[in-house]
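*Asks:* Keeping their order, the protein sequence lines are chains A and B.
Residue numbers for the first sequence follow my numbering, so the first one is 1 and each next one is one higher.
Residue numbers for the second sequence follow my numbering, so the first one is 1 and each next one is one higher.
Incorrect hints may have been included.
A pair holds if it fits inside one copy or across any two, identical chains being indistinguishable in the list.
Unchecked claim - Once the Cα atoms are required to be at most 27 Å apart in a straight line, the calculated DSSO-like pairs of lysine-lysine come out as:
no. : residue 1 : residue 2
1   : Lys23     : Lys83
2   : Lys147    : Lys106
3   : Lys65     : Lys23
4   : Lys83     : Lys195
5   : Lys83     : Lys9
6   : Lys83     : Lys147
Calculated directly from the structure, the hints in this document are not laboratory data.
There are 2 protein chains.
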Amino acid sequence: MKSAAFDRKEHVYQNDAFAELVKDAVRFFNGTPVQSLPPEENFFGTGVYALYYTGANPLYKKYAKLNRLSYGYPIYVGKAVPKGWRQARNSDSAESQSHELYTRIKEHSRNISISSDLLLRDFSCRFVIFEQEGSDMISTIESALIKLHRPLWNMAVDGFGNHDPGSGRYEQAKSDWDVIHTGRTWAEKCHGNPKDKNTILSNVERHLKTIG
Amino acid sequence: MKSAAFDRKEHVYQNDAFAELVKDAVRFFNGTPVQSLPPEENFFGTGVYALYYTGANPLYKKYAKLNRLSYGYPIYVGKAVPKGWRQARNSDSAESQSHELYTRIKEHSRNISISSDLLLRDFSCRFVIFEQEGSDMISTIESALIKLHRPLWNMAVDGFGNHDPGSGRYEQAKSDWDVIHTGRTWAEKCHGNPKDKNTILSNVERHLKTIG
Chain A
1 MKSAAFDRKE HVYQNDAFAE LVKDAVRFFN GTPVQSLPPE ENFFGTGVYA LYYTGANPLY
61 KKYAKLNRLS YGYPIYVGKA VPKGWRQARN SDSAESQSHE LYTRIKEHSR NISISSDLLL
121 RDFSCRFVIF EQEGSDMIST IESALIKLHR PLWNMAVDGF GNHDPGSGRY EQAKSDWDVI
181 HTGRTWAEKC HGNPKDKNTI LSNVERHLKT IG
Chain B
1 MKSAAFDRKE HVYQNDAFAE LVKDAVRFFN GTPVQSLPPE ENFFGTGVYA LYYTGANPLY
61 KKYAKLNRLS YGYPIYVGKA VPKGWRQARN SDSAESQSHE LYTRIKEHSR NISISSDLLL
121 RDFSCRFVIF EQEGSDMIST IESALIKLHR PLWNMAVDGF GNHDPGSGRY EQAKSDWDVI
181 HTGRTWAEKC HGNPKDKNTI LSNVERHLKT IG
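With the rest of the complex left out, here is chain A (with noise of 0.2 Å):
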């Protein structure tokens, strides 16, 4: 075909209110109750979740400290999409009897109480669910709860949402947070070169500087 003169300006999309609707639900979720981990009922649902950490653990009483008073700083940020969101093909029936945000925290929760050194009983959780269109927000606004809260364990210790890559895929390394947190049994079969845990440590050290 022939096409249009170009210009770029045409191609622009300009809208303020989105800005205000991330904003909108940013404070709706910094607002939730706090739950504990994992939350004491099973509910159903797709969202966003942030932990918190308030133990004893030396290498996050930075997060302890900083969540003294009130929940402010997640330790990490995650979300559960419906199935097939990716590819458009989830319809309003499947997502509403699905439980994936509750399964997904639930899950972490398992990850937690497993590892050498942390107590489940040291975290708690917010977390928010959205509906029909809504769950197209989902990604957003896990995208600006990270950009907020910088969570370390999303920005500066990589591997905690990781899965058992399964079988015939343990080539690669084990994860930054399973060199500093041993337990999971799958992370100990991947034979890839890991990153030093000294060189993890201080990254640690270095970014929680930049929190608070």
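With the hints as your guide, set chain B onto chain A.
*Replies:* Relative to chain A, chain B alone:
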């Protein structure tokens, strides 16, 4: 900690403004000028694009027919997000310099032009650039456009957007797209078991019945 009594509805975010905003952005997208593939001029920015087919390949004659009077039915929708977006690591300065949207569209052009049975001149495109905070909308708008248009190469023929997996990773199967459109040399190196060509062709036929 002792957690709050659990009440699911305290954790549900409700805001109709989001669905309205998505509709506004989709409407804007569908009203942008159609350009040749690739667009005549390089430009900077990240965002969302759609490819339209209006050629004579019998496999896609339905698209040629549907798009006869206006470009309403993309065969593929994709996005280019700022680098580091998933980790929320992008800085505005890096973003404003990047040409990722154009680069992505250009890469598609190359893949189409080397395929044995598609002509680049039979394709056109639309694209919308999202700047600053707006770039958080990119995945949402891509997803909304895919839900709306159900493009064939997103939903029924996998692999058009794939990259060369790189040496040592050719154990995977050739994608659906590469089975029906030969041309990419790296695809020929993939020695996994691809889907049967006739299966893919009947997937195409079945999916196109649901469009328009």
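*Asks:* Please go over all the hints and tell whether each is borne out by the structure.
*Replies:* Verification of the hints:
Proximity of Lys23 and Lys83 under a CA criterion of 27 Å is satisfied in both settings, with 26 Å inside one chain copy and 22 Å between copies. Taking the shortest alpha-carbon separations for Lys147 and Lys106, only the intra-copy value of 24 Å comes in at or below 27 Å, while the best inter-copy value is 30 Å. Only within a single protomer do Lys65 and Lys23 lie at most 27 Å apart by alpha-carbon distance; the minimum there is 26 Å, versus 44 Å between protomers. In this homomeric assembly, Lys83 and Lys195 come within 27 Å of each other (Cα to Cα) only across copies, at 23 Å, whereas the closest approach inside a single copy is 32 Å.
In this homomeric assembly, Lys83 and Lys9 come within 27 Å of each other (Cα to Cα) only across copies, at 22 Å, whereas the closest approach inside a single copy is 36 Å. When the C-alpha separation of Lys83 and Lys147 is checked against a cutoff of 27 Å, the pair qualifies both within a copy, at 25 Å, and between copies, at 14 Å.
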